[in-house]
Structures are given as C-alpha cells and as structure tokens.
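These are the residues of each chain, in order.
Protein chains: 4
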Amino acid sequence: MFIYPRLYNKLKRGPQVILPKDIGMILSHSGIDKNSICVDAGTGSGWLTISLARLCKHVYSYDLREDFIAIAEKNREMLALDNITFTKGDVFKKIKETNVDLVTLDMPSSEKALKNAKKALKSGGTVVGYLPHTEQVKRFALKAQSLGFIDIYTVETIVRDLLVRKEGVRPTNTGIWHTAYLVFARKP
Amino acid sequence: MFIYPRLYNKLKRGPQVILPKDIGMILSHSGIDKNSICVDAGTGSGWLTISLARLCKHVYSYDLREDFIAIAEKNREMLALDNITFTKGDVFKKIKETNVDLVTLDMPSSEKALKNAKKALKSGGTVVGYLPHTEQVKRFALKAQSLGFIDIYTVETIVRDLLVRKEGVRPTNTGIWHTAYLVFARKP
Amino acid sequence: MFIYPRLYNKLKRGPQVILPKDIGMILSHSGIDKNSICVDAGTGSGWLTISLARLCKHVYSYDLREDFIAIAEKNREMLALDNITFTKGDVFKKIKETNVDLVTLDMPSSEKALKNAKKALKSGGTVVGYLPHTEQVKRFALKAQSLGFIDIYTVETIVRDLLVRKEGVRPTNTGIWHTAYLVFARKP
Amino acid sequence: MFIYPRLYNKLKRGPQVILPKDIGMILSHSGIDKNSICVDAGTGSGWLTISLARLCKHVYSYDLREDFIAIAEKNREMLALDNITFTKGDVFKKIKETNVDLVTLDMPSSEKALKNAKKALKSGGTVVGYLPHTEQVKRFALKAQSLGFIDIYTVETIVRDLLVRKEGVRPTNTGIWHTAYLVFARKP
Numbered sequence: 079m080f081i082y083p084r085l086y087n088k089l090k091r092g093p094q095v096i097l098p099k100d101i102g103m104i105l106s107h108s109g110i111d112k113n114s115i116c117v118d119a120g121t122g123s124g125w126l127t128i129s130l131a132r133l134c135k136h137v138y139s140y141d142l143r144e145d146f147i148a149i150a151e152k153n154r155e156m157l158a159l160d161n162i163t164f165t166k167g168d169v170f171k172k173i174k175e176t177n178v179d180l181v182t183l184d185m186p187s188s189e190k191a192l193k194n195a196k197k198a199l200k201s202g203g204t205v206v207g208y209l210p211h212t213e214q215v216k217r218f219a220l221k222a223q224s225l226g227f228i229d230i231y232t233v234e235t236i237v238r239d240l241l242v243r244k245e246g247v248r249p250t251n252t253g254i255w256h257t258a259y260l261v262f263a264r265k266p
Numbered sequence: 079m080f081i082y083p084r085l086y087n088k089l090k091r092g093p094q095v096i097l098p099k100d101i102g103m104i105l106s107h108s109g110i111d112k113n114s115i116c117v118d119a120g121t122g123s124g125w126l127t128i129s130l131a132r133l134c135k136h137v138y139s140y141d142l143r144e145d146f147i148a149i150a151e152k153n154r155e156m157l158a159l160d161n162i163t164f165t166k167g168d169v170f171k172k173i174k175e176t177n178v179d180l181v182t183l184d185m186p187s188s189e190k191a192l193k194n195a196k197k198a199l200k201s202g203g204t205v206v207g208y209l210p211h212t213e214q215v216k217r218f219a220l221k222a223q224s225l226g227f228i229d230i231y232t233v234e235t236i237v238r239d240l241l242v243r244k245e246g247v248r249p250t251n252t253g254i255w256h257t258a259y260l261v262f263a264r265k266p
Numbered sequence: 079m080f081i082y083p084r085l086y087n088k089l090k091r092g093p094q095v096i097l098p099k100d101i102g103m104i105l106s107h108s109g110i111d112k113n114s115i116c117v118d119a120g121t122g123s124g125w126l127t128i129s130l131a132r133l134c135k136h137v138y139s140y141d142l143r144e145d146f147i148a149i150a151e152k153n154r155e156m157l158a159l160d161n162i163t164f165t166k167g168d169v170f171k172k173i174k175e176t177n178v179d180l181v182t183l184d185m186p187s188s189e190k191a192l193k194n195a196k197k198a199l200k201s202g203g204t205v206v207g208y209l210p211h212t213e214q215v216k217r218f219a220l221k222a223q224s225l226g227f228i229d230i231y232t233v234e235t236i237v238r239d240l241l242v243r244k245e246g247v248r249p250t251n252t253g254i255w256h257t258a259y260l261v262f263a264r265k266p
Numbered sequence: 079m080f081i082y083p084r085l086y087n088k089l090k091r092g093p094q095v096i097l098p099k100d101i102g103m104i105l106s107h108s109g110i111d112k113n114s115i116c117v118d119a120g121t122g123s124g125w126l127t128i129s130l131a132r133l134c135k136h137v138y139s140y141d142l143r144e145d146f147i148a149i150a151e152k153n154r155e156m157l158a159l160d161n162i163t164f165t166k167g168d169v170f171k172k173i174k175e176t177n178v179d180l181v182t183l184d185m186p187s188s189e190k191a192l193k194n195a196k197k198a199l200k201s202g203g204t205v206v207g208y209l210p211h212t213e214q215v216k217r218f219a220l221k222a223q224s225l226g227f228i229d230i231y232t233v234e235t236i237v238r239d240l241l242v243r244k245e246g247v248r249p250t251n252t253g254i255w256h257t258a259y260l261v262f263a264r265k266p
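Chains as they are written, first to last, in my numbering: chain H, 79 to 266; chain B, 79 to 266; chain P, 79 to 266; chain U, 79 to 266.
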C-alpha cells in the first residue's frame, strides 16, 4: 500500500505520525514557500517538522516530552537538516516566535493553542489543526472563528490505491479510511 | 468548497489545471526539497510549475503551445518567481535537462515521454504521471515497468469537506470525486 | 448520475426523500423478508414506506403532517400497493403495533422514539435511524445503548458512478457525498 | 466492522461471497418486489440467491460446480426457503426461464451470458453484472449496449463505519474499499 514514501521508511517512529497524504495537503493548502517560517507543535516523531524543514526556511518545533524530541532530533540528524529548532515547551502557555507563516497543531485540546498561534502568525498566515475526532474539529473551528480567524475549512483526505496490472485494474480491496481531519484557518 | 486555496484564486486559468489536492500528493510523495530540480510537462496554466517553483530550486517547464506558456508566464510574473524556465518543446522528442529530481507529466499519451524522463532523472528521482483514465494509467504504469522504473504506485486522492457548525457537523452533500490518478515511479 | 432508479422517477416528491442507496442498505442489513411487518416514521414522501411495502408483508407508516401523508398516499396508489397503513400520529407518544420486525426512524430528535420502537419490535427486530448529522448519530446510538439495544452500528453509504466508454473509463468528476448516516440497533 | 449482518453470520461460506452492501444496491436499484422471478448465476455460496429468495417470489440459481450448489443448498435448508431452484448448468449456453424480472451475473466473462439474459428477461427487466475489474466492466457495459440494453449504469458502493462514542466520533481507521463494480442494464 502506498502510505510511506521512500524517505519516511528511513525515519524513526515513536508516537503516532502524520502521514504523507495529510502532510501534502498542509503543504499545498497553507501557501508556504521556501522563505516561510513555520511553528510545529507537538513535535512527536518529527515527520511533519522534517517535511516542512525540507521545503521551508526554518521550523520551530515544540513538544512537552523530551523523549519525543530525542526521536525527532535523530531523524533530523539522519537527513542532515540545519533549519530546525526544537524546544521543550508548552504552546498553550507561549509561542516565542512572531511573524510566522504557518502554525501546525497536533495535540489534544489544540484549540487552547489558537490564541498563541494567532499572536505568532503574520497577517495572512495559516494555522492548521490535525484532529482525529469530530468533536475536536468542532471545538477547534468554532474557537478559531471566535478568535477572528477567517477562511476556516475542514477537510478529510482519502487516498485510494489502484492496483494496476496487464489485466485486472481495480482499487485495492482494503485501505486506510481515516487518520484525522485537517482544519485550516487564516489570520486576517 | 475547499478546492482553491487563496494563492490559486489570483492565478490565471487557461487549460484545465491540477488541483492543490493532487499537487500536495506530488509534493509529499516525490521526496523533493529546496535543492530539487524539476521538469514539468505540459505547462498548461502553470499551476503545478508554480507550486513546484515556490518550494524547489528550479523548474523547467515544457509545453507545445505558446499560448499556454504565455498564461503561465503571466502567473509567474504575478508571483515574482525567478526560478522557472519555460520552453516551447516536445518532451516526447527531447528533455534537455539531466540529473533532475522530479519529472511531472500531464499530457495525452504521456507514457511516450517516459524514456526521456528516465534519461533526465538522477538515480532515485521520481516521475509522476497525472492521468484521468484507467486505460492511460495502465499504459503508463506498464511502460514504466518495462523501462525499469521501480516503486510504481497509482493513487487517487479524494478530499471531502466537513461542514462544521455549532450543531450539525457532517460531510458536505456533494463534492469533487475524481480529477485524475497519479502514477509514481522511481528511477533505480 | 445513478441516483434514482426508474421506479422512483414516477413518484411524487414533497419533503426530502431517502435515496435508493440508503434504502438498499436498510433492506440488506435489517434482515427483513416477505413475512416482515415494518413501522416507518416519518412518512415524508413515502419512498421508504413504499420500498418496504413492495418487499414486505405490511408497513405501518406514521407522520405528524397530513399533507405529507397525502403525497405518500398518491405514490401508494400509483403503484397499487394494498399493504400500507398510514397514520397521522406521533411515534414519540405511541406506536400501536407490536411484534414488528423493523422500525425505521427519519425525523428530528428520533432518539426520542427509541423507547416506543423497542416496545413495538419483536425480539431480534431492528431499528434504523436515518440521521444527517454526527451529533444526532451520537445521541441516537448512545440512547439505543442505554435502552439495552445490541449490535449497534453506524454506517455511511457512498455510491460512486463509473463512466464507462470505449476509451476513458474513470469515476465521474463530481457526485453525491453524503445524505445521512444509518444507525442500526437490534432488540435482544 | 459492519460487513456481515446477523443473518449472514449463520451461513456457510465456500467461494467468495457478495457482501450485503452490494446485495442492498441490487435490491433497491433493480426494482424487484415480492412478485418478482429472478435468475442468479453463478450460485457460489448462495448468499445473493438466498437474499433474493427471502424477498422475491422465486429464484432460479445456476452454477457449473456441484460442490458450490451443495453449499448453497445447505444455506437454503438452514433458512427453510422453498422458493429456490438450483440448476447445475452453463448460462453461457442456456437460461431456461423466460419472462423474468432480474438476472444477476457473477462469474468470469459474464458478458458472454448477456445474450441469454436478454432472452430470459421480460421487457423492463434488469440485468446486473458483479465485476471486480475495470476491464470486465468495460466489456460488460459495451456488450450490453451493443445488444440493445438501455439505462446502463456502473456504480461502486463504499460503506464507511462510523465509530460512535461518548467522546470521539470519527470514521474507523481502516475498512473495505472495493469488492466489485455493479453494472445495471435494462431490457427495453
């Protein structure tokens, strides 16, 4: 099944990772480019942090747990990336950076980080919540709305593998249905 | 509906464009980064060319039609990108560049460009075919196999919008089902 | 698009109807047969009532609104069905029938009818809720659980049209994504 | 996962069965009712034969293999159905019945049975092909067209399970993506 491209096969995996299908949506829908500064919280195994760092200028990556940061740091070393700053810290309390282009939030109750995310973002910048449950999505989207974010959209990305053979082209019988919803919102 | 992010709303649109959902999959599954050199054919309205140029080092973009290149050139100017080279030319006959990281093919009978794509790619580089029909997918994937490409995968990316409200969270009633299949293949 | 089979094209349509894709799931997953007695509420335009009546022994169909029953009655006449009893009545207050095989509920706050549905059902009988929103689904499924229903399942049925031609087989570009969730529960 | 309703759990299973999601579509889209006569080929484990027999007047079920018919016969006995006639026979050569309402075809190269299916059907009757591959679908649909069938439609039915809990409503992570396409066609 086409879940992990070659690059990701090499990476260490501790806590649950964000899959390339969702990373791709974040890349193409957030509007980031080579000059973008990103904040990613929580770091987890660092897959999203690393994916952003490979394409953007700098990524500031926050997690509460040092053991997760240690896994992500190993992955950073393996790919020899020099534009990631890991911070053990709580984005519910503070995001140090300002004028950033993108804030990605993957943690329980991530709506509690929206206020700080808004402070960190430049005008026109995007926050993205990665949220498995519909209740989380609702809390996040409504909170974003009440904080004055605009262009709020929620999507679910489904990737189907097609089995291609000389005779017998068809979708595969089983597959991944759901990882998480992505909620996008923009600072006016 | 969440189809065109803000950036794309500004762009001119001539021939059929590749949507951000498919661009995202190409970005996250091809393994490209800031140092990557890409070849994109055909240029069309230039959305994929521009998306790649915003994140990669340089994009060489080919089309048979000058009027399409003119539209794409206007879009390039609007975003002030200086790392795109447009060429009026036929990739079935020749791709000048070598040692590139990614070749993207969106044109009828694109399997006929696979031989030149393989010559242009560096070892480990990726070719991606954007193909609406199952018959095209079969021709492309089988040709890639016969030319010695590896890690050949075909996927369809479906993005569902979730309607989020204080009461009444549900998927939207209608949506885009299908744009095209993406066939990924890697040069050994 | 393949939404309404030939039969349904003839029927009158007042309030929002249940589509054949969802009717099919109710038919095949509820376990009803030619000897089954069904209760359907609310009647609406009568499509589900009629679909059940064409295959089962008798259908008792409830609605609060006489104008809806009038539409459904016209549809019944058109198909010359003699095994439907329409009742203007409130299933939140009372379902007269007992020992029935299936109760289908399509109305706001349908979880309020679950207690009466359970009384009406025979042991092993099935109740099905047709519910557009995730919040409704949660209230319905949790209420069913608290009332002692078993085998509680929630599904969403998605039907994709495939465009089939001499050259160019592919899914259609757009389609119906979501009508409603179906919650199935069985009386022990 | 919600694949086999209670009824089907009891049934014996030899060759690959048709799942209730696809049976439901056949029931609701073919327009059959209690008075309908159906032909089902091949019998296989008899799940579709039995599902039809529980709701229709009579089902004539054909298979080339006696061991499959033996399994289906056991399933028939278990449910005490008296309206099924099993025949060891080749529907490519002959379908004895005439004036039937529905012919269902689940076998390799089933387009070869379309001519006999058309003879067997009454005017307005429906033939349904159950076909896993896109190439089979194309052969079946184009053959049906060339034989003068009308209202030819191909669909794929996808059923997603929703996980419903006090907190954490979301689609299940994995699921069944594809069983087969259904091609519907009607005799004018």
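Hints listed in this document are in silico derivations from the structure and should not be mistaken for laboratory results. Treat each hint with caution, since some may be false.
Just so you know, same-sequence chains aren't split out, so a pair can sit in one copy or run between any two.
[Unchecked claim] No farther apart than 20 Å at their CA atoms in a straight line, the calculated lysine to any residue pairs in the SDA-like style are these: (1) K193 x L157; (2) K166 x I228; (3) K88 x R264; (4) K171 x H211; (5) K135 x D160; (6) K88 x K197; (7) K196 x G109; (8) K88 x N251; (9) K244 x D229; (10) K190 x R243; (11) K112 x D160; (12) K112 x L157; (13) K166 x V233; (14) K152 x H256; (15) K135 x T165; (16) K190 x N161; (17) K90 x G109.
Here is how each hint holds up against the structure:
no.	hint	in the structure
1	K193 x L157	neither (33 Å within a copy, 30 Å between copies)
2	K166 x I228	neither (30 Å within a copy, 40 Å between copies)
3	K88 x R264	between (34 Å within a copy, 17 Å between copies)
4	K171 x H211	neither (24 Å within a copy, 34 Å between copies)
5	K135 x D160	both (10 Å within a copy, 17 Å between copies)
6	K88 x K197	neither (35 Å within a copy, 27 Å between copies)
7	K196 x G109	within (17 Å within a copy, 30 Å between copies)
8	K88 x N251	neither (27 Å within a copy, 24 Å between copies)
9	K244 x D229	between (45 Å within a copy, 17 Å between copies)
10	K190 x R243	between (49 Å within a copy, 19 Å between copies)
11	K112 x D160	both (14 Å within a copy, 13 Å between copies)
12	K112 x L157	both (18 Å within a copy, 13 Å between copies)
13	K166 x V233	neither (30 Å within a copy, 37 Å between copies)
14	K152 x H256	neither (28 Å within a copy, 39 Å between copies)
15	K135 x T165	within (17 Å within a copy, 29 Å between copies)
16	K190 x N161	neither (27 Å within a copy, 40 Å between copies)
17	K90 x G109	between (28 Å within a copy, 17 Å between copies)
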